[in-house]
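Visitor: Just need the whole structure built from these sequences, with the hints factored in.
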Amino acid sequence: MQEKKPHIVVRDLTMAYGDFVLQRDLTFTINHGDIFIIMGGSGCGKSTLLKHLIGLKRPAKGEVLYGDVNFWTAPPEQQEAIIKGIGVLYQSGALWSSMTLAENIALPLEQYTELSSMQIRELVSLKLALVGLKGFEEYYPSEISGGMKKRAGLARAMALDPEILFFDEPSAGLDPISARLLDDLILQLRDSLGATIVIVTHELPSIFAIGNNSVFIDADRKTMIASGDPKVLLKESQDPTVVNFLTRMEAGRRGHVDADKDNRRGTP
Amino acid sequence: MNPSAVTAPTGSGGGGRLSFSRSSQDTLQIAFTGGWKITESLPSLSDVQRELESGSPVRSISFDTTGLTAWDSAYLTFLLQIIEESTQKQIQVSQDGLPEGVRRLLDLATAVPERKGAAKQEKHTPFMERLGTTSVRLWNSNLEVFEFLGETTVAFLKLLVGRARFRPRDLWVTIQECGLEALPIVSLISALVGLIFAFVGAIQLKMFGAQIYVASLVGIAMTRIMGAVMTGIIMAGRTGASFAAQIGTMQANEEIDALKTLGISPMEFLVLPRMLSLMLMMPLLGLYSDFMGILGGMLIGVTVLDLNPMDYYNKTIEAVTLTHIWVGLFHSAVFGVIVSLAGCLRGMQCERSAAAVGNATTSAVVTSIVSIVVATSIITVVCQILDI
Numbered sequence: 001m002q003e004k005k006p007h008i009v010v011r012d013l014t015m016a017y018g019d020f021v022l023q024r025d026l027t028f029t030i031n032h033g034d035i036f037i038i039m040g041g042s043g044c045g046k047s048t049l050l051k052h053l054i055g056l057k058r059p060a061k062g063e064v065l066y067g068d069v070n071f072w073t074a075p076p077e078q079q080e081a082i083i084k085g086i087g088v089l090y091q092s093g094a095l096w097s098s099m100t101l102a103e104n105i106a107l108p109l110e111q112y113t114e115l116s117s118m119q120i121r122e123l124v125s126l127k128l129a130l131v132g133l134k135g136f137e138e139y140y141p142s143e144i145s146g147g148m149k150k151r152a153g154l155a156r157a158m159a160l161d162p163e164i165l166f167f168d169e170p171s172a173g174l175d176p177i178s179a180r181l182l183d184d185l186i187l188q189l190r191d192s193l194g195a196t197i198v199i200v201t202h203e204l205p206s207i208f209a210i211g212n213n214s215v216f217i218d219a220d221r222k223t224m225i226a227s228g229d230p231k232v233l234l235k236e237s238q239d240p241t242v243v244n245f246l247t248r249m250e251a252g253r254r255g256h257v258d259a260d261k262d263n264r265r266g267t268p
Numbered sequence: 269m270n271p272s273a274v275t276a277p278t279g280s281g282g283g284g285r286l287s288f289s290r291s292s293q294d295t296l297q298i299a300f301t302g303g304w305k306i307t308e309s310l311p312s313l314s315d316v317q318r319e320l321e322s323g324s325p326v327r328s329i330s331f332d333t334t335g336l337t338a339w340d341s342a343y344l345t346f347l348l349q350i351i352e353e354s355t356q357k358q359i360q361v362s363q364d365g366l367p368e369g370v371r372r373l374l375d376l377a378t379a380v381p382e383r384k385g386a387a388k389q390e391k392h393t394p395f396m397e398r399l400g401t402t403s404v405r406l407w408n409s410n411l412e413v414f415e416f417l418g419e420t421t422v423a424f425l426k427l428l429v430g431r432a433r434f435r436p437r438d439l440w441v442t443i444q445e446c447g448l449e450a451l452p453i454v455s456l457i458s459a460l461v462g463l464i465f466a467f468v469g470a471i472q473l474k475m476f477g478a479q480i481y482v483a484s485l486v487g488i489a490m491t492r493i494m495g496a497v498m499t500g501i502i503m504a505g506r507t508g509a510s511f512a513a514q515i516g517t518m519q520a521n522e523e524i525d526a527l528k529t530l531g532i533s534p535m536e537f538l539v540l541p542r543m544l545s546l547m548l549m550m551p552l553l554g555l556y557s558d559f560m561g562i563l564g565g566m567l568i569g570v571t572v573l574d575l576n577p578m579d580y581y582n583k584t585i586e587a588v589t590l591t592h593i594w595v596g597l598f599h600s601a602v603f604g605v606i607v608s609l610a611g612c613l614r615g616m617q618c619e620r621s622a623a624a625v626g627n628a629t630t631s632a633v634v635t636s637i638v639s640i641v642v643a644t645s646i647i648t649v650v651c652q653i654l655d656i
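Top line first, the protein sequences correspond to chains A and B.
The first sequence begins at 1 in this note's numbering and counts up by one.
The second sequence begins at 269 in this note's numbering and counts up by one.
Heads up, a few of these hints could be off.
[What the hints assert, rightly or not] In silico DSS-like cross-links for lysine-lysine, where the CA-CA straight-line distance does not exceed 30 Å: (1) 134/A / 61/A; (2) 5/A / 528/B; (3) 84/A / 426/B; (4) 528/B / 134/A; (5) 51/A / 426/B; (6) 426/B / 222/A; (7) 4/A / 231/A; (8) 84/A / 4/A; (9) 528/B / 57/A; (10) 222/A / 528/B; (11) 51/A / 528/B; (12) 61/A / 528/B.
[Unchecked claim] Here are the in silico distance ranges between beta carbons for each label pair: (13) 646/B / 139/A: 43 to 53 Å; (14) 58/A / 409/B: 15 to 25 Å; (15) 121/A / 403/B: 50 to 60 Å.
Everything labelled a hint here was simulated from the structure, so no lab data went into it.
Beta carbons are placed, not taken as given, at the ideal position from N, Cα and C, and that holds for glycine.
Guide: Have a look at this one:
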């Protein structure tokens, strides 16, 4: 695994819906092999930032670089190559509801590879087995539970062995044990595939358990207010908003932040 | 308590009651008795207002709840109204007499001040401003239509050079759905339309003893316009709506995003097979509808007008020229494009909620039917001018 080599670089990114600016001046780097957490309160633009990173939304200003290629100015072939290197697990799984799980996972393989249908079937079984869904090939998304949909979505995201995996709130709507198992799965994937992982979440247990780099974006100040390893942020951050977020406003988790106590009320 | 206190019981029924007394010259004591619950009949705030305005000016209000047997949110809202009213009139309110639970809930309700600008207000916008924003919105929606048309054209060009990515299976499934499975309803409607034409025509033509011309009336009307229009409208309601709902639900479910992030163009993968199949099936259904309509007319001609089936057949063959059939086919082809475009466009424009999917479906049907009628008028006028 290559350590500390930039994989995605975000420079001066401003995100906006029409005239409404959501976040401005975001600058951060996601390195190879990172488990990078995008965190922040509800409605601050985490999912929108994710959409910018996966090429679904064009930045209002600034750039998103993959390695040293700017996605939005690259020629279509290069864009396609970047897109192929990306796997995304959407919040609700976003499986194609008119296709079985096997067809869902097979579709990207059919589109991008010259494999025979026999080989594709074997690959599909392997991916499903990796996420613990062996034997569910012929099920439709509506026939399985929410947690299983997420895992199937993950299997589809991994179909083309992407270099970067994006997760949009992976543990939302899962019970604590399933959420924990998903975290373990993410760690295993990172270690065995050497993939870079980007997670949008506000689940503290996950953030501390697996994240090793992060960016914290704030809705009130409309920009990023912290970045780095979340465990280090918890110990060293001086920003009351970040500390409140990471400690659930419980002062006991950190001794020396009592001085900020008054500032802390009223911040989300 | 002041012996000269005025007690004015108000309210009626088994619900909450209210009485007022003056413990001193400027202190009003409000006594609540009975059950103050949502389901009971309760006194209104105007009783309190009337009491505040009558007599000497009130400086403070206190409450007596010894006779209060039960309370819920109805009681809380009443108290909140009194408190708001008093703050406006700069009257002090003492909450000491209230039950513990009520006081805590009141504290909770008044703890966070109303966020400025959070409440959405009905704004009065000047007429010109509304006109302007509406025009801009209409223009933008036009741009969206053109953009969609452009993307569709690109997708079709890619199809021509064999680089469009979609699953052939999807094409066959859609062809089956919008072709074969539409046959029963198209048969029924077309036969009935032919039948109605024959009836209406027969009444007039019978006066001249020219019943046999029912055959040419039905034949020409069905082949030239009505077969195409009826199938167009059926398909708008049946297939256009289903396209919009399918694509709209996929949009709401992030399934379209999932396609895009896998580098699969939704225009090629979803829109292209749907448009192709409807554009192929619509002319065929139109022809089929012509046939069923003529059959319906023949049924009336033979049973009601006592015409010889062979005569009816010959008259139809004589009246229906190839030109009429071509014009009808042209109509169908245009309607196929319109219905599939409207359905896919509205589906792709769909936002992320259940209501948006409903709107997309409605909008697809309305757009298709309006466009079908407008297109028919244009084609008819052009044919008239060109003498076709």
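Visitor: Each hint: holds or not?
Guide: Hints, verified against the model:
1. Restraint check: the Cα-Cα separation between residue 134/A and residue 61/A comes to about 45 Å, which exceeds 30 Å; the hinted pair is violated.
2. Between residue 5/A and residue 528/B the CA atoms are separated by roughly 27 Å; this keeps the pair inside 30 Å, and the hint holds.
3. Note on residue 84/A and residue 426/B: the hinted pairing holds, with a Cα-Cα distance of about 20 Å set against a maximum of 30 Å.
4. For the given pair, residue 528/B sits about 27 Å from residue 134/A by alpha-carbon distance, which is consistent with the 30 Å threshold.
5. Restraint check: the Cα-Cα separation between residue 51/A and residue 426/B comes to about 27 Å, which is no more than 30 Å; the hinted pair holds.
6. Straight-line distance between C-alpha atoms of residue 426/B and residue 222/A comes to about 42 Å, which puts the hinted pair past the 30 Å bound.
7. Simply put, residue 4/A and residue 231/A have alpha-carbon atoms about 18 Å apart, close enough for the 30 Å limit, and the pair holds.
8. Only pairs whose Cα atoms come within 30 Å are accepted, and residue 84/A paired with residue 4/A is accepted, the gap being roughly 23 Å.
9. A hinted pair counts as satisfied when its Cα atoms are at most 30 Å apart, and residue 528/B with residue 57/A qualifies at roughly 11 Å.
10. Between residue 222/A and residue 528/B the CA atoms are separated by roughly 28 Å; this keeps the pair inside 30 Å, and the hint holds.
11. Distance restraint check for residue 51/A and residue 528/B: the Cα-Cα separation of roughly 11 Å lies within the 30 Å cut-off, and the hinted pair is therefore satisfied.
12. Our distance criterion of 30 Å between C-alpha atoms is met by residue 61/A and residue 528/B, whose separation comes to about 22 Å.
13. The supplied range of 43 to 53 Å is met by residue 646/B and residue 139/A, whose beta-carbon atoms lie about 49 Å from each other.
14. Our hint of 15 to 25 Å for residue 58/A and residue 409/B holds, since their Cβ atoms are close to 20 Å apart.
15. The hint said 50 to 60 Å for the Cβ distance between residue 121/A and residue 403/B, and at roughly 55 Å that hint holds.
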